[in-house]
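Chains as they are written, first to last, in this note's numbering: chain A, 1 to 150; chain B, 1 to 150; chain C, 1 to 150.
Hint data in this document are derived by calculation from the structure and do not stem from the laboratory. These numbers were taken from a predicted model, which means no experiment stands behind them. Built from N, CA and C at the ideal position, the CB exists for glycine as well. Hints are supplied without guarantee of correctness; some may be wrong.
[Said to hold, decoys possible] Only some residues are given here: those of chain B computed to face chain A with a beta carbon under 10 Å:
(1) Glu81
(2) His83
(3) Leu86
(4) Gly115
(5) Val119
(6) Val128
(7) Val130
(8) Arg146
(9) Asp148
[Said to hold, decoys possible] Label-pair ranges, simulated between beta-carbon atoms:
(10) A:Pro112 <-> C:Gln71: 46 to 52 Å
(11) B:Ala55 <-> C:Gly114: 16 to 22 Å
(12) C:Thr145 <-> A:Ala60: 41 to 47 Å
(13) C:Ala60 <-> A:Gly80: 47 to 53 Å
(14) A:Gly115 <-> C:Ser46: 34 to 40 Å
(15) B:Gly115 <-> A:Ser99: 31 to 37 Å
(16) B:Ala64 <-> A:Gly61: 15 to 21 Å
(17) A:Glu39 <-> C:Thr145: 16 to 22 Å
(18) A:Gly114 <-> C:Glu39: 32 to 38 Å
(19) C:Asp134 <-> B:Leu76: 43 to 49 Å
(20) C:Met96 <-> A:Arg77: 33 to 39 Å
(21) C:Arg131 <-> A:Thr145: 41 to 47 Å
(22) B:Gly61 <-> C:Arg57: 34 to 40 Å
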Amino acid sequence: MTVQIDNAADRTAFARVYAEVQQFYARHMYLLDSGAGREWAETFTSDGVFAPPSAPRPIAGRAALAAGVEQAHAELREKGEQHRHLLLSVDVRPQMDGSLAVRSYAQIIATPRGGEPRVHLMCVTHDVLVRDADGRLLVRHRRVTRDDRP
Amino acid sequence: MTVQIDNAADRTAFARVYAEVQQFYARHMYLLDSGAGREWAETFTSDGVFAPPSAPRPIAGRAALAAGVEQAHAELREKGEQHRHLLLSVDVRPQMDGSLAVRSYAQIIATPRGGEPRVHLMCVTHDVLVRDADGRLLVRHRRVTRDDRP
Amino acid sequence: MTVQIDNAADRTAFARVYAEVQQFYARHMYLLDSGAGREWAETFTSDGVFAPPSAPRPIAGRAALAAGVEQAHAELREKGEQHRHLLLSVDVRPQMDGSLAVRSYAQIIATPRGGEPRVHLMCVTHDVLVRDADGRLLVRHRRVTRDDRP
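Let the sequences and hints guide you as you build the complete structure.
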């Protein structure tokens with residue numbers, strides 16, 4: 001159930017969360033694009049799940065998440081290609097249980113060494129974000145759909 | 001006339017509005033890209049006007065706005081293509097009359113089923129946003145220019 | 001040294017800064033893309049430095065910054081091409097000295113007159129932002145790396 005946002009205090013709280021989510025994604029995706037698998041995996045909960053469109057089944061837990069990133073990054077390095085994941089048009093809906101339902105447009109830009117960038121994939125990302133004991137945001141669940149596979 | 005923003009209270013108010021505008025556009029464009037014509041049209045005022053670069057004259061009123069979206073979406077479905085409208089680099093200027101003058105860069109990404117995405121159009125969007133009786137943002141006027149037609 | 005952000009007041013302050021930085025970049029890049037060299041240069045400190053990936057050495061000071069933009073814009077006009085600089089996925093880290101360390105993904109979209117847009121360059125931008133006597137943000141230092149030249 002989504003929380004209703006009415007008055008100025010609520011709207012300030014929403015602005016806080018909205019900025020925080022954008023900042024979270026900026027760092028989160030920079031870690032991914034840098035191949036920093038372990039640090040990236042630590043931005044998921046310990047039982048975090050990532051259901052990508054291209055994997056046969058969801059990836060669960062930090063060890064598997066980190067390994068996936070490290071392998072993908074090694075393949076891209078081999079190929080001489082830099083990927084950038086941009087989470088844009090972020091729609092944040094605070095839930096009654098304190099979690100955040102976040103839907104965003106995910107653009108992946110691929111640039112080959114010495115070549116021209118291209119839009120590699122256009123996706124929609126559906127995240128459930130929660131907070132750890134220190135109040136930091138973490139991804140508990142991520143589901144991604146690709147626009148080329150409707 | 002644009003409001004001057006000076007002290008911390010004003011800057012908090014600006015942050016509230018800025019987050020709200022970004023959230024508004026995220027939902028607004030998701031409705032558009034989903035072909036939800038009627039819900040999309042309800043994010044305009046009842047006399048809302050959309051002056052797109054490709055229409056011979058501005059589209060006015062919710063019925064016409066909804067019909068336009070539904071037709072465009074049917075054509076894209078027929079063609080097997082998904083469009084995504086991203087309103088980025090949002091510049092929000094609160095006006096003395098309480099409206100918001102918002103200029104943004106609009107990117108349209110098109111993805112054919114089974115194919116590669118491409119940047120279909122790059123535009124600049126000039127919106128006037130106002131609030132309804134419940135304080136929700138609505139588009140009163142939208143003017144769009146295309147970068148390929150300067 | 002980066003400031004730690006803990007409580008609600010700090011988080012509100014962060015939201016203020018985050019909105020302000022996004023708004024700053026929206027205007028800053030619109031000036032650049034419009035060829036408004038002098039106004040753009042005034043969003044740098046008087047001794048502001050821009051270290052672009054394509055210049056042999058950093059560009060320093062407003063006169064040189066403005067001249068660079070005006071020349072680049074004249075060349076694009078000659079060529080019939082509109083560029084748009086989008087600073088996305090903004091990561092803002094307030095520093096102990098009051099400055100802001102900002103890292104973002106910079107996308108340059110190029111649209112030829114009568115043609116299709118393309119992603120011209122994908123870059124990472126590292127800025128140091130400071131405030132002038134009136135509290136307005138200015139770029140003190142900018143360093144940009146290109147994804148095609150790793």
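Interface restraint verdict for Val119 of chain B against chain A (beta-carbon cut-off 10 Å): Constraint on Val119 of chain B satisfied, holds at 6 Å.
Can the hint on Gly115 of chain B be confirmed by a CB-to-CB distance to chain A that is less than 10 Å? holds (6 Å)
Met96 of chain C and Arg77 of chain A, beta-carbon distance inside 33 to 39 Å? Holds - the Cβ-Cβ distance for Met96 of chain C and Arg77 of chain A, about 35 Å, lies within 33 to 39 Å.
Hold the hint about Asp148 of chain B up to the distance rule: shortest CB distance to chain A must be less than 10 Å. Because about 17 Å separates Asp148 of chain B from the closest Cβ in chain A, which is outside the 10 Å limit, the hint is violated.
Taking 32 to 38 Å as the hint, is the beta-carbon distance of Gly114 of chain A and Glu39 of chain C inside that range? Taking Cβ atoms as reference, Gly114 of chain A and Glu39 of chain C lie about 35 Å apart, which means the hint holds.
Just to be careful: measuring from the Cβ of His83 of chain B to every Cβ in chain A, is the smallest value less than 10 Å? holds (9 Å)
Pro112 of chain A paired with Gln71 of chain C, Cβ distance criterion 46 to 52 Å: About 29 Å separates the Cβ atoms of Pro112 of chain A and Gln71 of chain C, which means 46 to 52 Å is violated.
Chain A contact restraint on Arg146 of chain B - CB to CB distance below 10 Å: violated (18 Å)
In this structure, is the beta-carbon distance linking Arg131 of chain C and Thr145 of chain A contained in 41 to 47 Å? holds (42 Å)
Less than 10 Å between beta-carbons is the criterion; does Leu86 of chain B satisfy it with respect to chain A? holds (5 Å)
Satisfaction of the Val130 of chain B interface hint, Cβ to chain A closer than 10 Å: The hint is violated - Val130 of chain B has no Cβ within 10 Å of chain A, the shortest such distance being about 17 Å.
State, for the Cβ atoms of Ala55 of chain B and Gly114 of chain C, whether the hinted interval 16 to 22 Å holds or is violated. Check passed, 19 Å falls within 16 to 22 Å.
Checked against the numbered hints above, the structure breaks hints 6, 7, 8, 9, 10, 12, 13, 16 and 22 and satisfies the rest.
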